[in-house]
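All chains should be built: construct the whole structure from the sequences, respecting the hints.
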Amino acid sequence: MTATVDGVWRALETVMDPELDEPITDLEFVESHTVSDDGVATVVLRLPTFFCAPNFAFLMVADAYDAVMEVDGVRHAVVTLQENQTADAINKGVAAQSGFVKAFEGEATAELDELRTEFLSKAAIAGQDRVAQPLVDEGAHPDQLAAMVLGEVPPSVDLDRLRDRRRKVGLPAGDDAPLLMHADGSRVTTEQVPLHLRRARLRRVGIEANGHICRDIMQTKLAVGAP
Amino acid sequence: MYEKDGEKYFVVDSHSHFWDASRENWREGREEFAKGWIDCFYGYHQLGPPETHWDYEKYLKVTPEDFKRDMYEEGHVDVAIFQSTYLKEWYTEGFNTVDQNAALLEELGDKVIVNGRFDPRDGAEGLKQLEADAKKYNLKGCKLYTAEWNGDSRGYKLTDPACYDFLQAAQDLGIKNIHAHKGPTIWPLNKDAFSADDVDQCATDHQGLNFIIEHAAIPRIDDFCFMAVQEPNVYAGLSVVVGGLMHARPKFFAKVMGELLFWVGEDRMTFGGDYNIWTPKWQVEGLVDWQMPDDPAFSDYPRMTTASRKKILGLNAARLYDIPVPAELQLPTDDPAQPGEQLVDA
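Each protein sequence line maps, in turn, to chains A and B. Heads up, the first sequence is in this note's numbering, so the first residue is 1 and it goes up one at a time. Heads up, the second sequence is in this note's numbering, so the first residue is 228 and it goes up one at a time.
If you're looking for bench data, these hints aren't it; they were derived computationally from the structure. Take these hints with a grain of salt, some might be off.
[Unchecked claim] Distance ranges between label pairs, derived from CB positions: (1) A:E83 <-> B:G233: 47 to 55 Å; (2) B:P477 <-> A:G39: 42 to 50 Å; (3) B:P477 <-> A:E70: 38 to 46 Å; (4) B:E320 <-> A:T189: 55 to 63 Å; (5) A:K92 <-> B:R254: 23 to 31 Å; (6) B:P388 <-> A:E138: 24 to 32 Å; (7) B:S526 <-> A:T189: 20 to 28 Å; (8) B:E320 <-> A:V5: 48 to 56 Å; (9) A:E83 <-> B:E334: 39 to 47 Å.
[Stated by the list, open to error] List time: in silico DSS-like cross-link candidates among lysine-lysine, alpha-carbon distance up to 25 Å: (10) B:K363 <-> B:K295; (11) A:K102 <-> B:K384; (12) B:K403 <-> B:K384; (13) B:K262 <-> A:K92; (14) B:K235 <-> B:K508; (15) B:K403 <-> B:K367.
[Said to hold, decoys possible] Coverage of chain A stretches by chain B, computed from C-beta distances (three or more under 8 Å per stretch; other residues unrestricted): (16) 41-50; (17) 202-211.
All C-beta atoms, glycine included, are put in the ideal place defined by N, C-alpha and C.
In structure tokens form, the structure reads like this:
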């Protein structure tokens, strides 16, 4: 089967900026993506600034590589990051499949799984605000919210997203899982509901405000281009 | 001083710079980083209103005349606090050193306060330098740039033992305000030097110091707020919060302000215009005019009052820096409204 450009794009849509919790395709981090007749996929990524953090950048380039390699018909993938302080080290590290520590020998001390988990865990909290807020607006009381399980929540993109983030950090995500839970998976009691929702909203505001700044800086860069 | 609708505001810009990012100052062999750094700032610059945008060449290095006009003549600022950021690994003479900043002291007198800096990785020599700077410039504050490069090191934490030595020394020298840059994620690798996690313990261990967390720890504003609730000597520096969001993303600006007002409170928020990323004029005027949107989504956020604006724009920082405020610009009564105990885990 011949790999298609659309197939490569769909694969890239599954790659997230770990801290912003959004796909790199929505964030315009994909500068170009092509695939040759003989199955070589070439992807170039870009970030809003030269100083965007190498740890997150490494995760995105490595995840993009893995995702593109899964596309039917892709025999070989070349995924590179451009115009970043550590682009060379990242590109070489990902191409050699050597891992983060090896790519930054002497500077990095740990692989990035923990970092990824930390932000997914925040996303799993923020997601509760996305799903619960409409219910609060409709008049749901704290005791109802504390008792509610995911299977009782009307289907939505936000609900799917919450389930996905929970699964990734090993938290219950099935129909019988509580809607509201702490980061460690424990249930939120009725008394804790108001403060828990405040905290969930703060997590969401933090993630989204950051996402907006990154988008704005990217727009600026694309529109004007720093000399 | 800024006056609007009969109300007078004493304005302290508690986070400003006077930098030299000119090509002549780009360190040989490190030009890419020096340029990358200022380009990054230039991206932020354009998040302000279009009529305030400068061309790139001007942006690299402004003149003392630009500074005076933008800050005092047009910008409504009564007192500007200079933050010193060295970045000598990239800029030969430093990006923004205490000596460069102090060059304006003689001319501007009480209108400017120069803050120092230290780097715990500089060891005994750094302590000596801090002492010399503190005496020479009567320092009351320091800016800490925890992600600064230093030789092979790409950052440090406020809780590093060497940093504690410096913080103690600073306190002994009469420095009581520590501005920690906890801002947009950049270097260094997995150490994540801009994570706000270290502020918590450090603030608890140094009750004699105030910690002004610049940029309110965006992108980790959530971690910051949860921590600030528990630490009364921690402040939210609004640099970047106002400049980066108020014009470009007003809805998110309202949410971020709402969260800060709720968790941290109006007595612990300080305005910083971040000159010369942005000029202060539009930020001061915008904050005075700003109100939480009248929309159900914002209904449970605290409202801004005239008193809140006066505190945030200047009175809070004046208190931290013992800046005399004319009687007509003070609030009639001091009625601090701190977030209550209910925000701390039972």
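Structure-based check of all given hints:
1. A:E83 <-> B:G233: 47 to 55 Å: Given range 47 to 55 Å: holds, Cβ gap about 51 Å.
2. B:P477 <-> A:G39: 42 to 50 Å: Between P477 (chain B) and G39 (chain A), where Cβ atoms are some 47 Å apart, the hint holds.
3. B:P477 <-> A:E70: 38 to 46 Å: Holds: the Cβ-Cβ distance is about 41 Å, inside 38 to 46 Å.
4. B:E320 <-> A:T189: 55 to 63 Å: Since the Cβ atoms of E320 (chain B) and T189 (chain A) sit about 59 Å apart, the hinted range of 55 to 63 Å holds.
5. A:K92 <-> B:R254: 23 to 31 Å: holds (25 Å)
6. B:P388 <-> A:E138: 24 to 32 Å: Violated, since P388 (chain B) and E138 (chain A) (Cβ atoms, about 53 Å apart) do not stay within the stated range.
7. B:S526 <-> A:T189: 20 to 28 Å: holds (25 Å)
8. B:E320 <-> A:V5: 48 to 56 Å: holds (49 Å)
9. A:E83 <-> B:E334: 39 to 47 Å: This hint holds: roughly 40 Å between Cβ atoms.
10. B:K363 <-> B:K295: Cα-Cα ~23 Å, so holds.
11. A:K102 <-> B:K384: holds (24 Å)
12. B:K403 <-> B:K384: Answer holds: K403 (chain B) to K384 (chain B) is near 19 Å, not above 25 Å.
13. B:K262 <-> A:K92: At roughly 23 Å apart (the allowed maximum being 25 Å), K92 (chain A) and K262 (chain B) satisfy the hint.
14. B:K235 <-> B:K508: holds (15 Å)
15. B:K403 <-> B:K367: holds (6 Å)
16. 41-50: It holds: at least three residues are needed, and the segment 41-50 of chain A offers 3 whose Cβ sits within less than 8 Å of chain B.
17. 202-211: Since three or more residues must qualify, the claim that chain B covers the segment 202-211 of chain A holds, with 8 doing so at under 8 Å.
Violated hint for the displayed structure: number 6, the only one.
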